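Visitor: The whole structure should be built from the sequences, with the hints applied where relevant.
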Amino acid sequence: MPVEVLDGSLHVMILADLGSGALLAALVMAAFAALLSFWAGRQESAVMVQIGRRAFYACAAMVLSAAVVLEVALLTHDFTLVYVVEHTDLSTPIALVAAGFYGGQEGSLLYWTMVLGILGSASLLASASLGRRLAGYAAGIMASIVTFFLVVLVMVASPFDVLPITPADGLGLNPVLRDGGMLIHPPVVLAGFASFAVPFSFAAAALIAGRTDAAWIAHTRRFALLAWCFQSTGLVLGMWWAYHVLGWGGYWGWDPVENVALMPWLATTAYLHSSQVQEHRGRLRAWNFGLVILAFLLVVFGTFIVRSGVVPSVHTFAVSAIGPWFLGFLGVCLVFSTGLLVWRASTLRSPGEPAPAVSREGAFALQNLLLLGVVAVVFWGTVLPLVSGLVGQERVVDATYYERAAGPLFAVLLALMAVGPLLSWRAAGRNWMRSLAWPGGAAIATLVLLLLLGVHSLAAWLAIPAAVAAAATCVVLYGRAIRRAGARILVRKRRRYGAYLAHIGLVVLAIGIAASHFWQQESDVTLQTGQSATVAGYTLTYAGAGQRQLSDHSELVASMRFGDSTLEPARATYAGLGGQSLTHVAISTTPWADVYVILTGANSDGSASFRILINPLVSWIWAGGALLLLGVAFGNLGFHRREPVAVLAPARVTS
Amino acid sequence: MTLIVATLLLFIAGPFVLWPLIKTPPEQDS
Chain A
51 MPVEVLDGSL HVMILADLGS GALLAALVMA AFAALLSFWA GRQESAVMVQ IGRRAFYACA
111 AMVLSAAVVL EVALLTHDFT LVYVVEHTDL STPIALVAAG FYGGQEGSLL YWTMVLGILG
171 SASLLASASL GRRLAGYAAG IMASIVTFFL VVLVMVASPF DVLPITPADG LGLNPVLRDG
231 GMLIHPPVVL AGFASFAVPF SFAAAALIAG RTDAAWIAHT RRFALLAWCF QSTGLVLGMW
291 WAYHVLGWGG YWGWDPVENV ALMPWLATTA YLHSSQVQEH RGRLRAWNFG LVILAFLLVV
351 FGTFIVRSGV VPSVHTFAVS AIGPWFLGFL GVCLVFSTGL LVWRASTLRS PGEPAPAVSR
411 EGAFALQNLL LLGVVAVVFW GTVLPLVSGL VGQERVVDAT YYERAAGPLF AVLLALMAVG
471 PLLSWRAAGR NWMRSLAWPG GAAIATLVLL LLLGVHSLAA WLAIPAAVAA AATCVVLYGR
531 AIRRAGARIL VRKRRRYGAY LAHIGLVVLA IGIAASHFWQ QESDVTLQTG QSATVAGYTL
591 TYAGAGQRQL SDHSELVASM RFGDSTLEPA RATYAGLGGQ SLTHVAISTT PWADVYVILT
651 GANSDGSASF RILINPLVSW IWAGGALLLL GVAFGNLGFH RREPVAVLAP ARVTS
Chain B
1102 MTLIVATLLL FIAGPFVLWP LIKTPPEQDS
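Residue numbers (my numbering), protein chains in the order written: chain A, 51 to 705; chain B, 1102 to 1131.
Mixed in with the good hints there might be a few duds.
Taking CB as the label site, the calculated pair distances span [what the hints assert, rightly or not]:
1. 389(A) <-> 1119(B): 31 to 39 Å
2. 1119(B) <-> 458(A): 52 to 60 Å
3. 224(A) <-> 1116(B): 41 to 49 Å
Rather than coming from a laboratory, the hints here were simulated on the basis of the structure. Please read all numbers here as calculations on a predicted model, not as lab measurements. Every residue, glycine too, gets a C-beta built ideally from N, C-alpha and C.
Guide: Structure representation (structure tokens):
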């Protein structure tokens, strides 16, 4: 029930006006911050750069106020607001009502802007040390991005639009979103998208200011890492959600929305590695600028794909009319960034002789190429329906395309993870072949083991030994470091050893993906009460079905006895939402395999139909994801001495 | 009403945003 703080209509009027007023003021402030910061950067006026920065902070505070107003409107069930009606109802649990803030188009845009405001402000706080020009331009670019979002929020997709007649109840949240995952997955993914704007702004500002040294990289390193962590967490949580909630037996479907979240992650992964080369050796400057710009463009492209509905996707509930706005924004960003790179091309050349191919620099450059190769594969697979539709008959690709085209690239990347960390800067060193003995031996032993187990898949022969070799390399590096300097070295140089822990996490994740992909088994069965089915050695017995009534839906629940436990797959029906139904899968997890049961139907003769899947090592994916993040957190949390940064000559270029 | 709220917020934010100018006259900057 609405909280009667004030008279109903007055209450809503105040909330709607407060919200839209805050957004309008934020728009004015963002535009002011953008114009002033660019001008102040050009004039190198310290006072005006400060004012521009403060205007950005004020804008962020106004956006935050609008977000608080929207949250209050949701929690008090103000059904005169269109947004509240469309995304909540009285039966929705209160936590999901609160999550309605980012559950719809307008709210998620406001959330995007809010995250950019907060992280942008944090990144600008210490930016004065970068010099007036760079700091001014960075604030100007960030404020311009916020201005665009606020124009869309004020003019096209306002979350504070008011209905002429107040309904008694709302339409409610999409059943798929009525899950605990809704509280974590969307905000993390959106925060990941929004935070990419910070490194992009500083990279573009460095290009405008002609500062192609590594200062902008050092300043934004933690923001790039934060963006990458958000995206990694978002991807893994998305896989977890697809696996546990969508109930089709898998966790990754190469859906356009998954693809557009994966692509910026790949570009940022490349950047985080490549930026080390510039920090240590002053090289790969063009790569670093290019990768940060690409990551941001891919985020905008992804937002366009999700919001416009130009390609078919499972996320069609996010479609709206703001697609053309994002297409225009993408075009402007593309022209602006490409123009900057072309303009500053002469300053992006690395000084000195190029490093030999077999060196750490060479490994990072190859890694960049491989990751960009995967981005290209995923990009063309995603836009094929759009492009082919424009020139004739619409065509789509299925998972086989991605597996065949991107799979070998991923396998080579895993192999590179085994070799790259063993190489030295500048040159490989005399003993690099010898140091490959352990990872090479581990790979050969794994291959022999696979052959003995009767595995006849070329993809498995490549992927799994490469992953084991990558893990062996990390173990060798840990062992070598501890032998030479004791275990404390792992903490003292935690940036490096945290990264190797992240590598191990990625290997565990890759093994989980490979095993569940290569050795998944499934069976469709129809069972009478008391009958059993055996799949891949796992026996399940059907013990009957019954109806269960919950607050917002009813469920047909089947009981399956599995060893000492009982699995309860169900089909939920939401009467309040026009009888929409949803599958609730039942999963029994062990470290070696998941038993995954989907109730596909209940028949009139008392029997029930099930799809039973045995998914090997799926829990390794979640464990690997956690290890990956733990490694990054271990390597980057807390204070530690800044490693030497190759800030070469300031190389200021007059335009 | 929206315009009034927006104007009020901008008015409140003014001193915070312009503080460097209030504190330091512009000619001292150069």
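Visitor: Of the hints given before, which are not true for this structure?
Guide: none
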